[in-house]
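> Listed below are the residues making up each chain.
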Amino acid sequence: EPEVTQTPSHQVTQMGQEVILRCVPISNHLYFYWYRQILGQKVEFLVSFYNNEISEKSEIFDDQFSVERPDGSNFTLKIRSTKLEDSAMYFCASEGVYTEAFFGQGTRLTVV
Amino acid sequence: AQRVTQPEKLLSVFKGAPVELKCNYSYSGSPELFWYVQYSRQRLQLLLRHISRESIKGFTADLNKGETSFHLKKPFAQEEDSAMYYCALEEGGSEKLVFGKGTKLTVNP
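So the protein sequences, as listed, match chains V and X. Be aware that the first sequence starts at 1, since it is given in the working numbering, and climbs by one per residue. Be aware that the second sequence starts at 1001, since it is given in the working numbering, and climbs by one per residue.
These are computed hints drawn from the structure, not numbers from a lab. It is possible that some hints are incorrect.
To be verified - The calculated lysine-lysine pairs, modelled on DSS-like cross-linking and capped at a C-alpha distance of 30 Å, are:
1. X:K1009 / V:K57
2. V:K42 / X:K1101
3. V:K42 / X:K1015
4. X:K1065 / X:K1104
5. X:K1057 / V:K42
Starting from the given sequences, assemble the full structure and let the hints guide the process.
The structure is reproduced here in structure tokens:
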């Protein structure tokens, strides 16, 4: 069964550093998402991406965040200058035209 | 304002007992509602969605628009049902999911 794959599974970074979280969505899916879950809190929507552009973003997704799909397969989330409060589990998801959203296993980001 | 409310953070039942995980939502339009499950060390996966009206792994959920609820039920819980359960809402015109805080279900032998 096809899966959404995220790398790395765990990333530790120093405050102020840039991080890139990677995701390989399910092929032939058209909609791509990033969510995050701070420890003990709910899963929160960050951004959705369709047709090579952001279709919707939350207020969390400020100028420090960006997404791209550079080669038509990988879908990346970049945090330009990480803050302590960016520490969270980041989930990528992809969705086809007639399917539900399929989630990756997550990347745990720890900012120290 | 919280749009998806799961009032129970933890729920513990014995094997064979009925279980109900509560979910209430706040949305004026016609929402699409889902239950996602996350087993230990596994990814979030869809359990069921209200429009399909299926029973998956013995679980059912009925959308009650009058009570704005989408409670998840199973008549006889099994130990392998132990997991985190998240209720989620998709608003009309949006593709994003709005999640509740989740309920951790523990089914004891």
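> Could you work out which earlier hints the structure fails to respect and list their numbers in ascending sequence?
Of the numbered hints given earlier, the structure breaks none, since each of them holds.
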